[in-house]
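There are 6 protein chains.
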Amino acid sequence: MTSGQLQTLRTSTPEEGYALAVKLAQKAIKITQPSEEIRKMLRPVYSTNADSLIATAQVVAIHFQTVAFANNYWND
Amino acid sequence: MTSGQLQTLRTSTPEEGYALAVKLAQKAIKITQPSEEIRKMLRPVYSTNADSLIATAQVVAIHFQTVAFANNYWND
Amino acid sequence: MTSGQLQTLRTSTPEEGYALAVKLAQKAIKITQPSEEIRKMLRPVYSTNADSLIATAQVVAIHFQTVAFANNYWND
Amino acid sequence: MTSGQLQTLRTSTPEEGYALAVKLAQKAIKITQPSEEIRKMLRPVYSTNADSLIATAQVVAIHFQTVAFANNYWND
Amino acid sequence: MTSGQLQTLRTSTPEEGYALAVKLAQKAIKITQPSEEIRKMLRPVYSTNADSLIATAQVVAIHFQTVAFANNYWND
Amino acid sequence: MTSGQLQTLRTSTPEEGYALAVKLAQKAIKITQPSEEIRKMLRPVYSTNADSLIATAQVVAIHFQTVAFANNYWND
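Protein chains in written order, with numbering that gives the first Met the number 0: chain A, 0 to 75; chain B, 0 to 75; chain C, 0 to 75; chain D, 0 to 75; chain E, 0 to 75; chain F, 0 to 75.
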């Protein structure tokens, strides 16, 4: 996903799946706010605010659910 | 979906599926606020607010879950 | 659903399924606030507020997930 | 569910399923705030606030997803 | 679950399943805020605030979804 | 998960599954705010705020849903 292109939801491990979930969460923000400059300005705001961090964690949780299911929970 | 009519949830790749999830999120906002003028006025508000961006990402995450399932996670 | 009575979750297309998801979202609000007069007063408030619109879109997203599943994602 | 006891998630129609979802949402509030007097005082607050109504609709949406699945989407 | 140890997600009835969902919601709060004294101080705050009650109901709704699925919706 | 590396979603009991869900919730916050110093400063803020605690419980609830499914609800 170096280019931002999402090729597959398959990952080798839950750890990699979690990293993918984080990227999926960030992807919506990049699409909604394409300016990297503005996103960088916002970063210190939400990364030092407990409620923003919890909300971020919620988005990741939803994506991780999707990625985990796509990988059959890495049970194979 | 150029005309806004949603014909299918099938996409060729996760990347296209994600784009569809973004459109599905926007669709509810267009229905609730049909005025393009007002939506354009709101855009700089939420696109520069970290919490609004995170909330947007959450809506996309729920739709991406739906689209991913509809496409059997592009595992076929 | 002209009378507000919900007969089925089946729809012919994703577009109709999305419209049903919007109605399902509105239905809870009508039950919680039965007065049409008060709901009409609230409409300009939430329809011009970015965060309210995003929250509305989230409710629709959850219902669309349900409707899409009920229709086997219109894959049949 | 007249006595508040939840016997089954089965309903005959989606309309009844939706009504059950509303009751399931209210049930958590009754457990968390057992005083009917306080709940009655809160009612005019959230029932005239757009964001509270949308949040209520979200809880109903999650429960409706559960009830719909329990009834195989009333497709039988 | 008297000791707080979660042994099973199986319950005999939806009513017991709902009670388990409430306990699952409380469990995260106990883990995040282990002080019973502080939790007791917070209780009158959120139990008299409509939005806090609705948010609580949402957490219960997600857990009830899990518990209901674990029990095959008590359809057996 | 002592090193923070997520190896598996399998746990022996629901109790351990819940503990894993809590870790999964914390993981997103550690990724978004890598500074342990800042996270420690935020802790007294959200752990004494009812709404932050409820929001935390919601993230855990989503992850617990994933972990419970991955373990077939510990029904085997």
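Hints in this document: simulated from the structure, not taken from any laboratory.
Here the structure is a predicted model, which is why all the values come from computation and not from measurement.
Ideal Cβ placement from N, Cα and C applies to all residues, glycine included.
There's no promise every hint is true.
Unchecked claim - Just some of the chain A residues that point at chain B, by a computed CB distance under 8 angstroms: (1) Ala18; (2) Ile28; (3) Val58; (4) His62.
Stated by the list, open to error - With the C-beta cut set under 10 angstroms, the calculated list includes, among others, these residues of chain E facing chain F: (5) Ser11; (6) Thr12; (7) Leu23; (8) Met40; (9) Val44; (10) Ala60.
Comparing the hints with the structure gives:
Annotation: Ala18 (chain A) was flagged as interfacial toward chain B, and the flag is violated, the nearest CB pair being 15 angstroms apart, outside 8 angstroms. The closest approach between the C-beta of Ile28 (chain A) and any C-beta of chain B is roughly 5 angstroms, which is under the 8 angstroms cut-off, so the hint is satisfied. Restraint check, Val58 (chain A) versus chain B: the minimum CB separation of about 5 angstroms is within 8 angstroms; hint holds. Taking 8 angstroms as the C-beta contact cut-off toward chain B, the hint placing His62 (chain A) at the interface holds, the least distance being around 5 angstroms.
A least Cβ separation of about 15 angstroms between Ser11 (chain E) and chain F goes past the 10 angstroms threshold, and the interface hint is therefore violated. Hint on Thr12 (chain E) is violated. Least Cβ distance to chain F is approximately 17 angstroms, over the 10 angstroms limit. For Leu23 (chain E), the interface hint holds, the least distance from its beta-carbon to any beta-carbon of chain F being 7 angstroms, beneath 10 angstroms. The closest approach between the C-beta of Met40 (chain E) and any C-beta of chain F is roughly 8 angstroms, which is under the 10 angstroms cut-off, so the hint is satisfied.
Because the smallest distance between the Cβ of Val44 (chain E) and any Cβ of chain F comes to about 5 angstroms, under 10 angstroms, the interface hint for this residue holds. The criterion of a C-beta within 10 angstroms of any C-beta in chain F is met by Ala60 (chain E), whose closest approach is roughly 9 angstroms, and the hint holds.
Violated hints, listed in ascending order, are 1, 5 and 6; each of the other numbered hints is respected by the structure.
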